[in-house]
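4 protein chains.
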Amino acid sequence: MTENSRPLRADAARNRARVLKVAYETFAEEGATVPIDEIARRAGVGAGTVYRHFPTKESLFQAIVADRMRQVVERSRAQAAADPGEGLYAFLIQMAEQGASDLGLTDAFAGVGFDLAEALPDAEHEFMGMVAEILAQAQRAGTVRPDLDAADIKTLIVGLQAMRRFRGDGELMRRVYPVIRAGLAVPNS
Amino acid sequence: MTENSRPLRADAARNRARVLKVAYETFAEEGATVPIDEIARRAGVGAGTVYRHFPTKESLFQAIVADRMRQVVERSRAQAAADPGEGLYAFLIQMAEQGASDLGLTDAFAGVGFDLAEALPDAEHEFMGMVAEILAQAQRAGTVRPDLDAADIKTLIVGLQAMRRFRGDGELMRRVYPVIRAGLAVPNS
Amino acid sequence: MTENSRPLRADAARNRARVLKVAYETFAEEGATVPIDEIARRAGVGAGTVYRHFPTKESLFQAIVADRMRQVVERSRAQAAADPGEGLYAFLIQMAEQGASDLGLTDAFAGVGFDLAEALPDAEHEFMGMVAEILAQAQRAGTVRPDLDAADIKTLIVGLQAMRRFRGDGELMRRVYPVIRAGLAVPNS
Amino acid sequence: MTENSRPLRADAARNRARVLKVAYETFAEEGATVPIDEIARRAGVGAGTVYRHFPTKESLFQAIVADRMRQVVERSRAQAAADPGEGLYAFLIQMAEQGASDLGLTDAFAGVGFDLAEALPDAEHEFMGMVAEILAQAQRAGTVRPDLDAADIKTLIVGLQAMRRFRGDGELMRRVYPVIRAGLAVPNS
DNA sequence: TATGAATGAGGCTTCATTCAT
DNA sequence: GATGAATGAAGCCTCATTCAT
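In the order they appear, the protein sequences are chains A, B, C and D.
Quick note on numbering: the first sequence equals residues -4 to 184 in my numbering.
Quick note on numbering: the second sequence equals residues -4 to 184 in my numbering.
Quick note on numbering: the third sequence equals residues -4 to 184 in my numbering.
Quick note on numbering: the fourth sequence equals residues -4 to 184 in my numbering.
In short, the hints are calculated from the structure, not lab data.
Where hints are given, some of them may not hold.
Since the list gives no way to pick one copy over another, a pair counts as held whenever it fits inside one copy or between any two copies.
Distance condition first, Cα-Cα at most 20 Å in a straight line; then the derived EDC-like pairs of lysine to aspartate or glutamate [said to hold, decoys possible]: (1) 149 x 166; (2) 149 x 113; (3) 149 x 24; (4) 149 x 6.
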C-alpha cells in the first residue's frame, strides 16, 4: 500500500533512513543543488548506495519533500483543530519557520528546481486541502478576511518563507509578522 | 575613485557597456546559473572579453546588481517625491515587479548567491537610505504605521518578490497585495 | 575432472543450471554488455549467487559459450551423418541461424570480447574436429571443393553469422546463401 | 556549404584534425566503446577540447564514419571505372581490408552502435548508389551474376569484414576469397 | 549458501577560467 | 585588446564485484 512491497533488510533500512535523514539536512542547509556525492559523503556511504535507494537525484529530493509535506499536513491539521480562530496564524508562522531551516522545502514551495504540483500532485493536493480547511475555520471564526482562498495563503507562505530566510527569527516575529496579521484580519468597517 | 584608474579606450568602453546590458538581460531571463559563454554569445563578444572587464562571473553579477540598485534608488526617490502618501506603496509594487522580471535582482536582495551588504556596501547603504526616506515620508503623511523601519520594508520587499515570482502579476495585485497594504496601514484605534 | 571437485548440493546445482540457462538467453537477447544484475533478476536469484558459481562475468560468458559449443558439436555431428553430401551446407545454415539469435555465440566465434581458442581450448578443439569431419564427408561425397579446410569453414561461419545478424533471415537464405553455396561447390572443369 | 561557415583558427583546425585523426585510429583499434577520455589522452588534449569540436561522443563517431564513407565512395568509384569487369571484386577486397583495420567502420556497416542509414542517410545513400553502379558495371561486363542487387553486396561486405577481422589477410585472400568470387560469378549453364 | 545491499572506479558531459593567436 | 579554443575539475549516473546478514 505504501512504498515497500516487502520490508527492507535491516541494514538497508538503516542506510536508507540514514540517507534520507542526511539528505534532508543537506538539502535544507545547502539547497537543492548540493551534489549527491556530498550527501553520500555526509551519510558515510558510497554514491551507489544513494542511487540504489533513489534512482535519480530528483527522486531523492522529491522523496524528501513529499515526506516533509506529509508531516506538515498532519501536524498542522491537528494543531489547527485545537484553536480554529488562531489556527491559520499559527500555521503561517510554522511554515515560515520550516522554510527558514529548510532550503529544500522553501525551494519546493516556491517552485525552484521542480514543479511541486506536477511532481507530487497528491502531496500538493493534500496540502492545499489542508490549507483550505484551516483557512475556512479561521474565516468561520471571524479572524480572517472572507475574500481569501487557499492559493492566496500559499502565496503568503512563499513570501513569508523568503522573508524568514532573509531575516533572523526574532526580528521577523516582532516586526513584520504583525503587519501580515493585521492585513489578514477582517477589515472593520 | 571607482574601479578604473584611467578611462577605457572607446571600443573597450563600448564592449563593457554591451556586456553589462546583455548580462543583465540574460541573468534576468535565465537566472544566475546561465553560463558565461551564453552571455558572451548574446553580446557578440568572446568569453575572454567578458573576463577582461569582470575577473569572475560573480563580479559581473555584482556589477549588474550594483548598476540596477543605482537605477532603482534614483527612480524611486524621484517617484516617491511626487506623492509622499502613496510613495511607499508604489515603491513596493515596483520592487515586486522588478523582481518578477529580474531573477538576478531578486536573488541579490534575498541574499542568495552572495551577501549584498557585504559585497556592495555602498549600493546597499544608498538603497537603505532611500528606503528610509520614502518610509519616513509615508509615515509623516500618516499612510503607514509609525513602528516600521527601513529594514522591515526591505524584508517585505524580499517577501513580495518571492510571491511575485511565484504567482502571476494580476493575481498578486488583486488578491494578496491588499492584504499587505492593509497590514501596513496605521491601525485605527 | 571438470571444474567441481565434489558434487554440488542439489539446490546449488539447480541454481547453477538456472543461472546458465537465463544467462544464455539474456546474453543472446541483450548482448554481452547486459549487466549481471539483469541476469540475476531474470534468474530470480541474487547477484551474489551468480558470483558464487562464476567468479567473474567473463567466466559466466565463457561457460555459456562452452556449453553451447558442446551442444552444437553433438547435434551437428549427428545431423551431418544422416546426409553426408548436404551435411556441410545444413551445418553452415544452422550456425548462421544460431548466430542470429545468439549474440553471445556470434561474438565468441568472431573473437570479440575474448579469444575462444585461448579461453576454451577443449571446446574449440572439439568443435574444429567436428567441422573437419563434416567437411571431409562432403568432400568425399563430391559436393564441396577439396581445397578447403576446417579453418576456412570457421571463417565462413563468422562471415555468415555477421551477415545473418545484419539481414533478416528470409532475405539471406534467398539471396546470399546461393552465392556461398555456388562458391563452395566443386568447380566444374 | 560544407561544415564550416568560416575557417577555423589555425590552432583549432590543427586540434580538430588531430582529434579526428586520433579518434579514427582509436575507434579503429579499440572499437566504438572506447572512452572519450582515452581519445583525448592520446590526442594530447583535454576532454573538453574533444567536446568543443564534437558535442557528443556519438557525433564524433558519426563524423569519422561519414568521413570514411566519403573517401570510400570516391576512391571506389574511380577505381571501378578503370576496370568494370574486375571493379566489384576489387571493391569487395578493399572494403574487407578497410574493415580489418577499422573496427569503427565495421561496426557502422554492421549496424553495431548506431544505425548508419538513420544517422547518416546521405552517406548511406551515396554509398549504396556507388555500390549499385559498380555492381551494374560488372553485371554488364558479364563477370557477376545478374540476380544480385546492391543490398546483397552490402550484406557480403558485412560478412567479409567480419571474416577479415577474424582472419589474417593473406589467409583470407588465398583461401576464402576464391570461394566468394566463384559464388558471385555467372553460373555457366 | 543465498541474498541483495554497498562499494567505488569510471564513463559522459558541462562550464568557469586561462591562454595562445 | 579581443577572440574563442583549451583546460580540467566536478556533477550525474552505471555496474562489476565484494560483503554483511
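Against the structure shown, which of the earlier numbered hints fail to hold, in ascending order? 3, 4
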